[in-house]
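Undergrad: Top to bottom, those sequences are chains W and U. Just so you know, the first sequence maps onto residues 1 to 772 in the working numbering. Just so you know, the second sequence maps onto residues 1001 to 1258 in the working numbering.
Treat each hint with caution, since some may be false.
What follows is a list of derived Cβ distance ranges for each label pair [as the list claims (entries may be wrong)]:
#1 U/Ile1255 with W/Trp637: 20 to 26 angstroms
#2 U/Val1022 with W/Asn635: 31 to 37 angstroms
#3 W/Asn538 with U/Ile1046: 44 to 50 angstroms
#4 U/Ile1123 with W/Tyr510: 36 to 42 angstroms
#5 U/Thr1084 with W/Asn538: 44 to 50 angstroms
#6 U/Gly1183 with W/Tyr297: 56 to 62 angstroms
#7 W/Trp637 with U/Ser1094: 45 to 51 angstroms
#8 U/Ser1094 with W/Asn469: 55 to 61 angstroms
#9 U/Gly1154 with W/Tyr510: 53 to 59 angstroms
#10 W/Asn476 with U/Gly1183: 41 to 47 angstroms
#11 W/Phe351 with U/Pro1197: 50 to 56 angstroms
#12 U/Asn1056 with W/Thr611: 56 to 62 angstroms
#13 W/Asn476 with U/Pro1088: 21 to 27 angstroms
#14 U/Gly1198 with W/Ser744: 48 to 54 angstroms
Lysine to aspartate or glutamate pairs mimicking EDC-like chemistry, simulated, CA-CA at most 20 angstroms apart [as the list claims (entries may be wrong)]:
#15 U/Lys1171 with W/Glu745
#16 W/Lys588 with U/Asp1140
#17 W/Lys361 with U/Asp1140
#18 U/Lys1238 with W/Glu468
#19 W/Lys285 with U/Asp1140
#20 W/Lys425 with W/Asp460
#21 W/Lys553 with W/Glu126
#22 U/Lys1033 with W/Glu682
#23 W/Lys610 with W/Asp204
#24 W/Lys588 with U/Asp1131
#25 U/Lys1238 with W/Glu634
#26 W/Lys372 with W/Asp530
#27 W/Lys259 with W/Asp355
#28 W/Lys361 with U/Asp1233
#29 U/Lys1021 with W/Asp747
#30 W/Lys750 with U/Asp1058
#31 U/Lys1210 with W/Asp467
#32 W/Lys420 with U/Asp1058
#33 W/Lys610 with W/Asp129
#34 W/Lys588 with U/Glu1081
#35 U/Lys1210 with W/Asp303
#36 W/Lys235 with W/Glu587
Just so you know, the hints here were simulated from the structure itself, not pulled from any lab data. Computed from a predicted model, the values in this text were never measured in an experiment. Ideal Cβ positions, reconstructed from N, Cα and C, are used throughout, including at glycine.
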Amino acid sequence: MKNFLILIVLCFFSIGAFAQNKFTISGGIKDDAKGEEIISARVKVKDQPIGTNSNEYGFFSLTLPEGKYTLVVSAYGFVTQEIEVNLIQNVQLSVQMKNPVQELDEVKVTAIRQDANVKDAVMGVERLDPKELSKLPVLLGEKDIIKTMQLLPGVKNAGEGSSGFYVRGGGADQNLILLDEAPVYNASHLLGFFSTFNSDAIKDATLYKGNQPANFGGRLSSVLDIKMNEGNNKKFNVSGGLGLISSKLNVEGPIIKDKASFLVTGRRTYADVFLKASDRFKDNKLYFYDLNTKLNYRISKKDRIYLSGYFGRDKLGFGETFGIDWGNATATARWNRIVNEKLFSNTSFIFSSYDYKISIKSGDVDFKVLSKIQDFNLKQEFQYFLNTRNKLRFGLNAIHHAITPGQVEAKSDSGFSTTKINPLKSIESAIYITNDWTASEKINVSYGARLTGFSVLGNDAESYTFDENGDVANTNTYKKNQMVKTYLIVEPRVSMSYSYSKTASFKAAYARNAQNIHLLSNATSASPTDVWLSTTLNTKPEIADQASIGWFKNFKENAYEFNVETYYKTMQNQIDYRNGANTQANEKLEGELLYGVGRAYGLEMILKKKTGKLTGWIGYTLSRTERKINGINENNWYVAKQDRTHDVSVVGIYDINKKLSVSALFVFYTGNAVTFPTGKYEVNGETQFSYTERNAARMPNYHRLDLGLTWIRKNTDKFESSWNFSVYNAYARENAYQITFRQSESDPNKTEAVQTTLFRIVPAITWNFKFK
Amino acid sequence: MKKYYFIITLLSALCFSSCEKVIDVDLNTADPKYVIEGFVTKGETIHQVKITRTLNFDENVAFPAVDNAIVVISDNAGNSETLTLASPGIYKTSSLLGVEGRTYTITVTVDGKVFTATSYLPIEVSLDGLDVIVFPFGLDTVRAVVPNRMDQAGVSNFYQYDIFQNGEQVKGVNLQDDQFSDGVQNEQPLFGGDFIPGDTVRVVMYCIDKPVYKYLFSIDANTGSTAAPANPDSNFGKSCLGYFSARTQKEQTIIIPQ
């Protein structure tokens, strides 16, 4: 352990700079039309294998020996620029990238560096540009970045129409979903049919499938890093859309031109308007809304402040009798500072919360169940552009978690007693360092480590430890904020690429990830009332080790991209419920839990076509994911419910002309693993089913075709109007959402299986507009 | 979970095009298991134990009775009785008295296998009467029965109910506990049954112990949409199915008013 740290320190500091007369070119890269910073723009020295990328705030730094250079700056969707630099002192640049306006420009646009998949050391990463995806057909016309992501190899949806996802055999809670650095605990609306991300507010989304660099931590399977738009700081504009189930409005513009801008994006569904129209449901509530806001202010050439917030809520109710509402709120205050031409600092203070309330009121009964998770999070990160070969990132992070797992509030005469469960409190802290090292023209290495400390704090309430039957073994009371226990975990991360030719490379990676906030779920579909639990004396940190190798090859001048990756992952301290667990407002909840291990392995392939009239991809995943939990399935290995042997997706977008494009999407996957009865018996005068092995049966295979058409009706300098038509499940395949077993209605002596299908053909139409 | 399922159904009925159909599923079969269902009731001397076997999923419902078992029930006060076969699969005691606060043990020996379970007969909570509450649910009016009982403070109590509507038992498992209502007068209605004015409703309340409560809770949970249904944890362990419950029993009847 100690030797390991020394080794890391040596690695970082032995790479000194020896050459004399070196100067640094640094600066920002922006979208000329909107003034927004461009992430991952490529800055390259012409005709030399030297270059860098802009960071997530559009900043870059490149240190070169004295001399004359031509820099080539390129970014997806922008016209490539060449900039002459005479380097006799440090130079600051502000690069304005232009959108293509004429056919001629489009040629240059395609010439951008599209070989990142081959050259970059990091593997198992997918970047999605919301603009790219706006033409794909989606359920009810509601564009959704998470649903598009589910079409990539290694990513699986959590059921028909669901915005929940599983990455490489991990659980739905093992994905760290960040919105402007703030973790979003429940990223779904309407019981999972829509994600909380309004795609109009999103600038960039990157998914790391387990081999993320050390600056990310806290979840086992993946990181989905979503950045919100910053707001146009050149001119004011309003855009929006009217859809079948929701409407959206986006307003953005400068507060002080080129210095400060704002963005407000809102979305609301109106299913409840239809409810009101029918007598039967008129007292019922069913809607959700989202609000994304962002402000940014460039205080000086070196300092910039961002404030961003998200607020979203779902409401469901049946008259006064029963109501449930849930939602996330996040806020991020961020300060970027260019300390000097080589050192970039980012300080963030982040608030993030998720809560749900259930209220039941009938007659004298009036009670509420409340549950909440709340984080205060401080992050400090430095990016140090040491030289052309080394780019360091180091920082620290401290999060205070408070989790109220479910608390009952009742009126005094309602027949319920109020139970107050003190929140579980903890501090999760981490320090990390990571380096992107260009070892040679052919070898890139990204290596680093993260040290996570998780401290369980006392909360003045009784704390229990449990025996193997789930009964209380010991009871202790720890004072408020007393350090009860600290878990320390070292998470090494390394990935490397070897480009044996200009268009092909081999990559290998290893990462360890730890997770201390766990979601407990025992239903087939994710529910807003699933319980979050932090690591305690009983529940240990979840740990995953993932190793992967891959081959990356581009064809026809990077127009086609082909990637193959395989991975093997082991997981420790996995959690499941006992049979018949009481999950609501239970202060002895951990007595209902069982612990075990998991493993997952698979092969992922993707062939992408990125340019031309026809774009899209074909993805295929072959995988397996298993668990072994003490007390389940006679302590034998069993396949996890999200196990799918084969998973195929085909996505195509064809631009017929500048105004009209069509798209199609096909998916096929093996049915999920489920537990079906193996026999029946009678208890309490009713037929019951008996079960043997866990998840030994399969749902029927799933397949579906969606079609879409986008028609830009009008596009002038002032106004743009477009229509989007889509058909979900075009050939009306009756896919099984659920299979249940019951006594036959026609013959009570027989038992039958009943399949529920949620969506057959679902057409949708959306109108989008933009005032410029 | 049923609530969410209901919401999903509602949602899909409204905007989407969901459907249900009966399908053929090729299910695995398993070796038959014994199913034991035994009760000891406070104040009674005749207690019943029923022993049957499991069937494959596709077989007609006629659960085979087991008649060759030796069944013994004893308590922790030194009393014991061997049950006699009264009818196919049904075994009965004649003199063993059910007493609250005692722990009962059942031992079943059949075909060379021995199954045992124990159950604690809880201190009785009295069922004083029944109330009817009426509340609107959408356009419907729902009538539910509220058992009047004063929960015992300071201990965990578990209640099981059988509901009879005009003499016919309402399907499903009805359970209550005092997790949120320790030591208070009960106001929680029982949601089984769809009553109309004039119906005669009889409610039988049993005070049961925690393992039996958990067993019945799991039976109930399996009928919903749990991700991984499994055989409930029985006080017999995993060797056979069913359960053994020592319990108190009280009943009340009400006619649903206009």
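Undergrad: All the hints need checking, so say for each whether the structure fits it.
TA: Here is what the structure says about each hint:
1. U/Ile1255 with W/Trp637: 20 to 26 angstroms: 57 angstroms, violated
2. U/Val1022 with W/Asn635: 31 to 37 angstroms: For W/Asn635 against U/Val1022, whose Cβ atoms are near 36 angstroms apart, the range 31 to 37 angstroms holds.
3. W/Asn538 with U/Ile1046: 44 to 50 angstroms: 45 angstroms, holds
4. U/Ile1123 with W/Tyr510: 36 to 42 angstroms: 60 angstroms, violated
5. U/Thr1084 with W/Asn538: 44 to 50 angstroms: 48 angstroms, holds
6. U/Gly1183 with W/Tyr297: 56 to 62 angstroms: 58 angstroms, holds
7. W/Trp637 with U/Ser1094: 45 to 51 angstroms: 50 angstroms, holds
8. U/Ser1094 with W/Asn469: 55 to 61 angstroms: Because 35 angstroms falls outside the window, the suggested range is violated.
9. U/Gly1154 with W/Tyr510: 53 to 59 angstroms: Because 55 angstroms falls inside the window, the suggested range holds.
10. W/Asn476 with U/Gly1183: 41 to 47 angstroms: At roughly 26 angstroms between Cβ atoms, U/Gly1183 and W/Asn476 fall outside 41 to 47 angstroms, so the hint is violated.
11. W/Phe351 with U/Pro1197: 50 to 56 angstroms: 54 angstroms, holds
12. U/Asn1056 with W/Thr611: 56 to 62 angstroms: 58 angstroms, holds
13. W/Asn476 with U/Pro1088: 21 to 27 angstroms: 54 angstroms, violated
14. U/Gly1198 with W/Ser744: 48 to 54 angstroms: 31 angstroms, violated
15. U/Lys1171 with W/Glu745: Distance of about 15 angstroms is within 20 angstroms: holds.
16. W/Lys588 with U/Asp1140: 38 angstroms, violated
17. W/Lys361 with U/Asp1140: Distance of about 16 angstroms is within 20 angstroms: holds.
18. U/Lys1238 with W/Glu468: 16 angstroms, holds
19. W/Lys285 with U/Asp1140: Roughly 17 angstroms separates the two Cα atoms, so the pair holds.
20. W/Lys425 with W/Asp460: 11 angstroms, holds
21. W/Lys553 with W/Glu126: Within the cut-off at roughly 15 angstroms; holds.
22. U/Lys1033 with W/Glu682: 12 angstroms, holds
23. W/Lys610 with W/Asp204: 17 angstroms, holds
24. W/Lys588 with U/Asp1131: Distance ~33 angstroms between W/Lys588 and U/Asp1131 Cα, so the pair is violated.
25. U/Lys1238 with W/Glu634: Since the Cα atoms of U/Lys1238 and W/Glu634 sit roughly 10 angstroms apart, the hinted pair holds (cutoff 20 angstroms).
26. W/Lys372 with W/Asp530: 11 angstroms, holds
27. W/Lys259 with W/Asp355: Since the Cα atoms of W/Lys259 and W/Asp355 sit roughly 36 angstroms apart, the hinted pair is violated (cutoff 20 angstroms).
28. W/Lys361 with U/Asp1233: Violated: W/Lys361 and U/Asp1233 sit about 33 angstroms apart, past 20 angstroms.
29. U/Lys1021 with W/Asp747: It holds: about 16 angstroms lies between the C-alpha atoms, which stays within 20 angstroms.
30. W/Lys750 with U/Asp1058: Measuring from Cα to Cα gives roughly 7 angstroms; hence the hint holds.
31. U/Lys1210 with W/Asp467: 17 angstroms, holds
32. W/Lys420 with U/Asp1058: The hint is violated at about 49 angstroms.
33. W/Lys610 with W/Asp129: Within the cut-off at roughly 12 angstroms; holds.
34. W/Lys588 with U/Glu1081: 38 angstroms, violated
35. U/Lys1210 with W/Asp303: Given pair U/Lys1210, W/Asp303 is violated - Cα atoms ~63 angstroms apart, limit 20 angstroms.
36. W/Lys235 with W/Glu587: 54 angstroms, violated
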